[in-house]
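Build the complex from these two chains, which are given one at a time in their own frames, with help from the hints.
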Amino acid sequence: MNTFIDEVKATPGGENVLACIQCGMCSGSCPMANQMEYAPRQLIAMIRADLKDEVLSSNSMWYCLSCYLCTARCPKGVKPTDLAHALESLATQQGYRTRGNNNPEMYRAFVGSIKSNGRVHEFGMMMKYYLSTNPFAALKVAAVGLQMFIHSRLPLKATKVKNRGDIPAIIKKFKEVRSK
Amino acid sequence: MEPRIGVYVCHCGSNIAGTVECAEVSKYAQSLPGVKVARDYKFMCSDPGQEMIKKDIREMGLNRVVVASCSPTMHEPTFRRACQDAGLNPYFFEMANIREHCSWVTEDHKDATEKAKALVSAAAYRVYYHQPLEKREVEINPNTLIVGGGIAGIQAALKIADSGHKVFLVEREPSIGGHMAQLDKTFPTLDCSACILTPKMTLVGSHPNITLLTYSEVEQVGGYVGNFHVKVRKKARYIDWNKCTGCGRCTEICPTKVPNLFEEKLGERRAVYKHFAQAVPNRVVIDAETCRHIQGLKQGKDLCRLCQKGIEKKGIVGCETGAIDFNQKDEIVELEVGAIIVATGFNLFDASRIYQYGYGRYDNVLTSLEFERMINSAGPTGGHVKLKNGNEPEAIALIHCVGSRDEKYHAYCSRVCCMYSMKFAHLLKEHTHAAVYEFYIDIRSFGKGYEEFYNRMLNEGTVFIRGKPAEITDVAEKPEEKGKLVVQFEDTLAGKQRRIPVDMVILGCGLEPQVDTNDVGRMFNISRSADGFFLEKHPKLDPVATMTDGIFIAGCCQSPKDIPDTVAQASAAAAEALSLIDRGKVEVEAATAVIDAKLCSGCRLCESVCPYTAITFDTAKKVCQVNAALCKGCGACVGGCTADAISLNHYTNEQILAQMEGALA
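Residue numbers (our numbering), protein chains in the order written: chain A, 1 to 180; chain B, 1 to 665.
Isolated chain B, as found in the complex (with noise of 0.2 Å):
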C-alpha cells in the first residue's frame, strides 16, 4: 500500500506561530515524498483540530499522519487515539515538535521557521518507514511500596490500606513518624503534634494490610508501572523483633552515650536506643557505629555487651527476653508491586551557612527543630525553655526567612517558617515572661485560619518588626549590651537602623531537598525541579503523578508545605495509586525489540544488558528471545548486540535513517 501522508501544523495559538511561520512551513510539507495533504490550524488537539485529521483519512484515503505541534509527552495520545478512531493504526502517526525545539527557544523567525521544516521533513520521511504494531496489556500487581514514613507517607498507607489493598511502608529510621514527631504544637490550631500524630503511627502499625519495614532503605528499582520489582536493604538492628517487648531496659544499661538526633543534639542517647518514647513499631535497635561490643568484634575483642548481660555486682539484669543479637546481618528483601508512591521528606536549612546569624558560634542561637524539641514537654528540658548557662532568656528573637528568599540559598519561600515562628511566639508567651521579638520581610499566612493566627499574636503583645535582621553580634555599643547577644537590623517601616539585645536567638530555618535527592531521583526516576525538590508531572493539572507512570510523590520531597497540604497530597497520591491498581490491567508500549533468529550469535550480550530482564536464552536453538510482556523497548539490546541481529519495532534502522536524511533534506 503506497503511502499517503497528510500533515498537520499546529499554531498553539501563538506559542508556535508567533515565531514559526506556519502557513510557509504547511506549504513546505506539501513537496515531500509521499504528502498528499499539508494543512496549518490554530489548535490542532482541539475536537475540530482533530476532526480534520478524522476526515482526511476518511476522505482522501491517508494511511500516514504527521502533527507538528508540541511535546509528544503532552499530546502524541490525543493525536494517535484520533487516528485510531477513524481507522488507522495509530503506529502510523508521528509527531514532530515545533514549541519546545524551535518556537519556545529563538526569537529569531527565519531560524525557527527553517529548524520547524525540516523537523517535518524528518518526520513525514521517517512515517514513509512505519508499521502497524498492537499495544499490548499487562496485569497490575495491586500491591504498592510507599517509601518514607513520616505523615505523608502514613496518609498515603493508612488510605490504601483501608480500602483493601496491601501496602509496603518503607522508612530509612527506626521508627516511622517523621519530622512530624519532632514538633511540639502545630499552628494554628495549635494541637499537639504527638497527639494528633501517635495514633495515626498506631493504626499503621497493627494494620493487617501494611507491611511496615522501618530501619530499612530502597536499593534498587527495576520493571515499570504495575509490575515493580524492588529491592530493600534491612538494616541488622541487632535486636530480634520478635523478641523484643521495647521494655528499654537495655538503654538504661548501656553506658555509651551519643547525641541524640531525634532531640537535635540537644539531648543524649546510648549506643542501643529507641527512636523515641512512641516509636513505632515499639522495638530498640543498636547502632553499631557506636556499639562498644560491634567495634571490639572488629578488632576480635569481647567487650562490654552489659545490655545482654546486665551488671552483675548492681543485681541488675540484662535483656530478659533474649532478643539482643549481635550476629545480625543486613537483609535484603525483594517486593513486587504495581504503583510506588514516593514520599521522603525534607532536610532543614543549615543555618551556619549564614555566618552574620552566629549559629553554630553563639550558644544560644537555635535552629527552629532545636527550639521544637526543647519546648515540648517530653524533651531534653522537659519543655522548659532554658539559656546554656540554665537561665530563663529575657529576651527572645524570632529571624524569618533563614536561608529562604535569598538567591545565595534559596530562592524559594518555605512557605512553614512564619506560621511556625509566629507559633514559637505564642508558645514563648505561654512558657516563659520574656519579651518577643519576630522579625519578618513579609508575613505570609496564606491558609486557612493562619491570617486570624497572626492577628491573634499581634494582640498577645509580640513584637513584629519589619526588616531582615542583619547581623547577631555579641560586641556590646552600649552597658546594656553587655552578655547579650544583638540583633542589628533596620526597622523598615520606621526607616531606622537600631539594635536590640536579647538572650536567645530562634533561627526559621527553612526546608530544603533532603541529601541524597539526587540518589533517589534517580533510582525511581524523578527529575528535579529547579529549586532541588521532585519533580511533578504538571503543576497544576497532575501534581502527584511523576513522568514515570506509576511512580508518584508526596509532600516535602516535592516542595515545601506545611501538615494540612501534606496530607491532602498524601491523600491525593494514595488515590492515584488505588486508580492504577484497580484498572487491574494497563496498555504498554507495543515498541518492543525483537531477535531476528537467524543472525543470533548466543553470545548473550543482550541478556547481560537488559535491565528489565526480558531476554532470555534458548538452549536448545541456542540464540537469545525477548519476553514482550517484560520489554520496555528501551533499546539498551539493540546497541549492545554485536551481529546487528536485534531491531526495535517502532525504532527500526529504516525508521531512524530516513528520519535523519528527512532532517537533512
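Excised from the complex, chain A in its bound form (with noise of 0.2 Å):
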C-alpha cells in the first residue's frame, strides 16, 4: 500500500471512491453535511489529494445517519454511506482520535457485549461505555434507565444465548471473509 486513495479502495465500502465526479449530489443532499467539518464530497477529494490526517480525525464520518440519500442518488455510484464506515473502520484501526467523538467507544461496548453474551446486554454495555468514557455522563440518562428497570426492560443480569462458545468461530470468519 503506497498511497491513503489505496488504502480507502481496499477498505470495504471505499471501493468506488475514484468514480467520483464531484457533482455535489451528495452533500447538497446530505442532511447532516451543515454539521460536518467536510461534507461528503469535499472528503472524497481530500481522500484523493492524500490528506489522510485531515480526513481521519475529521468528525465527518462519524456524523452520518446511514440515511443513505446521497448513496441512493449518486449519478456515479461511488455510495458514499459505505465510505463513511469504511473512514470509520481506517480511523479506529489506526487510532485516530476525534475530539468530542465517543462512537468508537460505543460500538467497542456494543461488540463487547455480543462477544461475551451472543446478545445486547444494555445495562452492561451501557455501564462500559460510561465508564471508558465519561461516567458523570451516565447521570443525565439516569431517569430514563430508571423507568426502564422500573418496567423490567433493564435486567441487571445478562440473558445468554445457547452455544456461545460459537461466536469467537463466526467473528474469526468475519475477519477472514473481510480480510479477502
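The set of hints was computed from the structure by calculation and includes no laboratory data.
Any given hint might turn out to be false.
[Stated by the list, open to error] One side of the interface only, derived from the structure: several residues of chain B facing chain A at Cβ under 10 Å: (1) 404; (2) 405; (3) 409; (4) 468; (5) 471; (6) 540; (7) 541; (8) 542.
Computed from a predicted structure; not experimentally measured.
Built from N, CA and C at the ideal position, the CB exists for glycine as well.
What follows is the structure in C-alpha cells.
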C-alpha cells in the first residue's frame, strides 16, 4: 500500500472512491452536511488529495446517519454511506481520534457485549461505555434507565444465548472474509 | 490436385501475442494434415505479411491458405485479395479468429493458446475441402431511401437529390422538420431555427428528385445492398392531399380539442390539424383516435362531420375543395432502392423518472423542449415566459445533466444540454427581468464558437453554480421560500450546502434512443451499442456505415449530437450512398445455395422459408431452383429441406464436418 487512496480502496465500502465526478449531489442531499467538518464530496476530494490525517481525524464520517440518500442519488455509484463507514473503520484501527466523538467506544461496548453474551445486554453495555468515556454523563440518562428498570426493560443480569462457544468462530470467519 | 496448405499466425502486435503463444501455435499447425508451411509474424495484414503469403503461394505451390488473426469482418477481404493477387482463387482462403475469440477474452495464456490451436486446426481441416467459387456482380438500383425527415434526413435527401438521383424520404409525422422545427434559436450563433430550417424543408417539398412520404412508416425491408425492397405504410390521413390546399379552415371548425404534441402539450390542437404552421407538405390530417366522426363510425353512428359540412346556423362553410374523405384506408407503397439512410433521431429523456426534481409534480418545472416551445414566438404563449398562474418569473433555475452522466439513467453525456441551457440563459435575459441560475457539473463547450458563447453568458450576468442540485422542493424553511420552488444543492466551489428559491425550473433533459429503436434496428439489421443508439461500423474511420452493406446512419439515432454535427454526418451519409450508387455494380457473395434436382421432392418448403424470394418452382420439372443473383447465402433453405437436396456453397456438409473434426482433433 502506497497512498491513502489505495488504503481506502482496499477497505470494504471504499472501492468506488475514484469514480466520483465531484458533482456535489451527496453533499447537497446530506441532512448532516452543515454539521460536518467536510461534507461528503469534499471528503472524497481530500482522500484523493492524500490528506490522510485531516480526513481520518475529522468528524465527518462519524456524523453520517446512514440515511443512504447520497447513495440512492449518486450518479456514479460511489456509495458515500459505505465510504463513511470504511473511513470510521480505518480511523479506529489506526488510532485516529476525533475530539468529542465517543462512537468508537460505543461500538466497542456493543461488540464486547455480543462477544460475551451472544446478544446485547443493555445495562452492561452502557455501564462499560460510560466507564470508558465520561462516567458522569451517565447521570443524564439515569432517569430513563430507572423508568426502564421499573418496567422490567433493563435486566441487571445478562441473558445469554445457547452455544455461546460458537461466537468466536463466527467472528474469526468474518475477519477472514473481510481481509480477503 | 492434392491440397498444400499454408498457415499464418498473426501476433497483431501484442494484441494476440500478449496472451497466445504464437510460435507454439504455428509449430503445432505444421503437424496438421496437408500443411506444408506454418509461420508466425507480427502483423499479417501489413504489406510484408501479405507478401509472405504471396511468396509462399508462388514458390512453394501452396493451394490453400489459413490466416489465424482477427475477425473475418476486419481482414477477410484483405487476405482473400492477397490470395487472388498470387493467382489463387480467393475461396481457397480460411480465417481463424484467435483475437476476439482467444486473446481478448481471457488472460490465461495456456487456455488461450490451446483454443487458438483448436481454431487453427478447425480452419486447416476445413480449408482442405474448399472449392473455387466465382463472385458475381449485380446492378445497383440508383434510388435511395431515407428514413426520418428531421434535419439529418432533409440534409441527406437534398444532397443526393441535387446530384440527380432519386430519393424517397419517409417521415412518421404529417410534416418533415423533426425536433429542429420545435426549437426556437440555435446555439451559439442564435439563428432562428425555423428561419434556417424551413427553406430546406420547402426545397425538399418541391424537389423533382424527392418523393416525400410523410405520415408513413417503413414496415418491411428485404433484399440486399444495391437491391432493397421496402414496404412503406402510408397511414390514412382522411384527407385527399391532392385536393387539400392547407388553408386550415377545417382546423378552425373542428370541435374536438386535444393536447398538441408538437407544442409539447403546452397548447391544444384539433382532431383535424396541421402539424405546425410551416408544415411541409402544407396539408392537414385527421387524427382517427380522436375524431368524433371516425370513432362514431365504429359504432355505426354518423356524428359531427362539421369540417365537411360547416356550421349552417353560423353561416360557416366546410371544406370547399371537398378534400375530406372519411373512407380513406392505409395504403402500402412498395419501393425498390439501392441504398438506405436511417436518420430516425432521438427521444427526450423522461424527466419524471427523477422523482426529486419534481417534474410532473410541480407546475413550473419544465423540460427543455417545453421551454423551447414557450419561448418561441409562434408557440402556445406567443413567446412570453409565464408561470402557470400567468405571472412572470423573478428567478429561474436551469439544471444540466438531467438523465445524462448518471449510471441510473444514461451514463453518457448528451453533448447538447450545456449549450442549450446557456442559450436559455441568454433568451431569459432577453425576454424577462428574472435572475438566472445555471447549475452545472462541468461546462462542455467543445464546438466552434461555443467557449466564446460561454464567456458571453458569464458576462451577461447569469449566475453559474457548480453543483448538481439534490432536489427541488416546495417545502419552505424560511419566509422568503414561501410559495416558491426551492433548489437545494451544494455549491461545490464554495463548499457550502445552499438553498435558492426560484419560480421556475428548466430541466436540461438528455437525449436517448427512440422508443422503437429495437424494432427499427431489427428491420434494417442495424446493431445497437451499449448506450442503446445505433452502432456504426467503425467509431472513427467508418462513422456512418453499418455492419449491413448499403445501410447508413446519420444524426441522433447514432449518438446525441448538435445540429452542426448532425448536418455534417448527414452529408457524409449522402456521400456514402452516392459513392455506392455511382459504382453501378456491386459484388455479391459467391456462397449461394444450390439444389440437387435429383434429390428435390418438389415440396416447396424452401420456397416458403427463403427471405429473399430467391427460390422458384419449376412447374415442368416439378423441382425448385435457386436464383443465384437473389440468393444471399443465409442457409434457411438448407435447414428447411427435408430431402437434404440443398447445399450451400462454401458451407457444405463436408466442410463443416471437417471443421468440427479439426476443432476436436
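Taking the hints in turn, this is what the structure says about them:
{"no.": "1", "hint": "404", "result": "holds (9 Å)"}
{"no.": "2", "hint": "405", "result": "holds (6 Å)"}
{"no.": "3", "hint": "409", "result": "holds (8 Å)"}
{"no.": "4", "hint": "468", "result": "holds (4 Å)"}
{"no.": "5", "hint": "471", "result": "holds (7 Å)"}
{"no.": "6", "hint": "540", "result": "violated (25 Å)"}
{"no.": "7", "hint": "541", "result": "violated (30 Å)"}
{"no.": "8", "hint": "542", "result": "violated (31 Å)"}
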